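Asker: Listed below, chain by chain, are the residues.
Number of protein chains: 2
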Amino acid sequence: MNRHDIPTPALVLDLDAFADNVTTMAGFVRSHGKAFRPHGKTHKCPEVARALVRAGAIGCCAARLSEAEVFAKAGIPGLLITTAVIGQAKISRAVALADSAPDTIFVVDDRQNVRDINDAAGKRSEPIKLAVDLFFGRTGIAPGQPAVELAQLIDSLPNVTFAGLQSYDGAAAHTTPFDARSTRTRTTMGKAVETKAMLERSGIACPLVTGGSTGTYRFDAENPGMTELQPGSFVFMDMEYGTIGGPNGSDYRDFKNALTVVTTVVSRSPGIAIVDGGYKAFSTDRPFTPGAVGIEGVVYNWAGDEHGRLDVTNASRELRVGDRIEFIPPHVDPTVNLYDSIYALRGDRVEAVWPIAARGKSQ
Amino acid sequence: MNRHDIPTPALVLDLDAFADNVTTMAGFVRSHGKAFRPHGKTHKCPEVARALVRAGAIGCCAARLSEAEVFAKAGIPGLLITTAVIGQAKISRAVALADSAPDTIFVVDDRQNVRDINDAAGKRSEPIKLAVDLFFGRTGIAPGQPAVELAQLIDSLPNVTFAGLQSYDGAAAHTTPFDARSTRTRTTMGKAVETKAMLERSGIACPLVTGGSTGTYRFDAENPGMTELQPGSFVFMDMEYGTIGGPNGSDYRDFKNALTVVTTVVSRSPGIAIVDGGYKAFSTDRPFTPGAVGIEGVVYNWAGDEHGRLDVTNASRELRVGDRIEFIPPHVDPTVNLYDSIYALRGDRVEAVWPIAARGKSQ
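First to last, the protein sequences are chains A and B.
Heads up, the first sequence is in our numbering, so the first residue is 1 and it goes up one at a time.
Heads up, the second sequence is in our numbering, so the first residue is 1 and it goes up one at a time.
Among these hints, one or two may not hold up.
Derived DEER-like restraints, expressed as beta-carbon distance ranges [said to hold, decoys possible]:
(1) B/Pro77 - A/Gly56: 47 to 57 Å
(2) B/Pro355 - A/Ala171: 33 to 43 Å
(3) B/Ile58 - A/Asp323: 31 to 41 Å
(4) A/Trp302 - B/Pro77: 25 to 35 Å
(5) B/Pro177 - A/Ile58: 55 to 65 Å
Everything labelled a hint here was simulated from the structure, so no lab data went into it.
Computed from a prediction, not measured in an experiment: that's the story for all the values here.
Note that beta-carbon positions come from the ideal geometry of N, C-alpha and C, so glycine has one too.
Model the full structure from these sequences, guided by the hints.
Answerer: Written out as structure tokens, the structure reads:
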């Protein structure tokens, strides 16, 4: 199968650019002596997780239990579920997951949830691993004394064990420009490192401080208190990450745009070309629109659930019904979540079709 | 299974409200003597399509070939594919679909595409049915002479037959208020009716003029030139349709909010509650945020791919970790497209779980 045979709209991955991204991030993290547990919520794809493990990742983060269950079934080791697992039914599933994949780490931020997991876990040779999620504006418990007390509770219970801290500051990832991002990250991550020191003074070992993103990995890697990085989007990249800025006012060019959405022109009228990708083909949660690849002078405009509208008055080439145009997605994670598979290309040849096995697994 | 056992985030459908919506629209369309072919792109769910057929629908529209293939496989009759099918591979599949479901209608707006379909169709006892898609700002060919000429081309070819006109004005559906929507719809649909008259004067019968939406169905039903209505969103409704306005400045209350997304509070911090639904649980293509049901004084704010943040300072009730909150989706079609199934509820009892079999079928 060739690039031009793929039914559109579809996700296509440039395997060379993808390999470069994986090598770049894995090498950077390794050279700074950190563990590498990239986030699977970006790709939801066991093949991508496996490629990362081959490059040295110790495992894979999952945003949710159901996503982790898919990765576990695919044999991906070292799972870390980055949102608390809440409610009796899900906790039962979490215990089952810990039985089959005992190295799985679950994050917590609530005392009752910790007790519920402990109660559901039952007596076991290997207690369930819990990391305390720190609050920087979204989920988590306040760093410092509140986090220490939650770790002490975990430490006091027989069927769970304290694994460490999750220190993820979602808003830092896209803070622009570079220097503001650096300052914010050092401030928030500083609180995690402080909390780790408090824990150790109180006699609780804290072997894990995990966090970081594609936007902040440079600062996290240089932070002696962080033990592990969990970036996600670097594998594919997107329009938004292209704008966050590099050092000294440069563009952010650390990683390549490896993933695009390929569309077909399905209708032409004077001055406009309609492509077959709209709200169901691209995420819409950012102020960016899809970025056309290989054609100049056109701007994508949303035209409903199934369509995009291009003003082609100043297009660098003629566009006809049936022509294909690729676009860089505005925001990669929710875009990937719209598709069932990734067409993995070497040049124009489809080398593999990778199932996005955890697509829609937000539960 | 009970409402409270559903793993969140999830789509839940109030079967009573859904039945009311179906009955209201089907009755209105029938009382105006029009055919009823509701759009399947909203629900992508054979069970919903079947409920509509039971209420008198003659079939089901599909936005794309792959969506139509799913409905055909489920035995839904009277398919109309509302975007042109472009390219050799898809045309081959369209011919196969016409072989197995000969009443299927395909829309076209391009002369070469018409010839390609005719060539691929081969000699056949029943020619492939093509409707000419009229342009009102997105896909389609200009109403009037250009459309007539395309119909004449179809009429001149042996393996395809002219079925009628598709006259869909996407931007009319949400034109606000009521009177502006009425004026716009009458203007654009007037051009379709004029084109139908031109066709008939030129000796080409035009038994079908199909179009309309949940926003415009009243005007379309009163238009003597339209033969068929294809609204979609009325089955479920959403935040956006709630704002388009009814007659004489009233609210738009023609249909009920039957579909909600149920979420769980997964984290609490002073003044905020974090629910487990974000960009992967709700569409984000509209300026609306999810509308909380059954709790006052809270506003949903986006908090990333997997989370929403509620300011609970003025909440009408206490919210704790594990509590469930339902939300009306901002825009229903792309929200449904995020999920694999609909939990269909009678009161609090889960009566059925309906697969969204055409989810992601945008090809």
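Asker: Hint by hint, say whether it matches the structure.
Answerer: Hint check:
In this structure the hint that B/Pro77 and A/Gly56 lie 47 to 57 Å apart at CB holds, the actual value being about 55 Å. Look at B/Pro355 against A/Ala171: about 37 Å separates their beta carbons, and that is inside 33 to 43 Å. As the Cβ distance of B/Ile58 to A/Asp323 is approximately 35 Å, the hint placing it in 31 to 41 Å holds. Range check, A/Trp302 to B/Pro77: Cβ separation about 33 Å, and the 25 to 35 Å hint holds.
A hinted range of 55 to 65 Å for the beta carbons of B/Pro177 and A/Ile58 is consistent with their spacing of about 58 Å.
In summary, the structure agrees with every hint in the numbered list given earlier.
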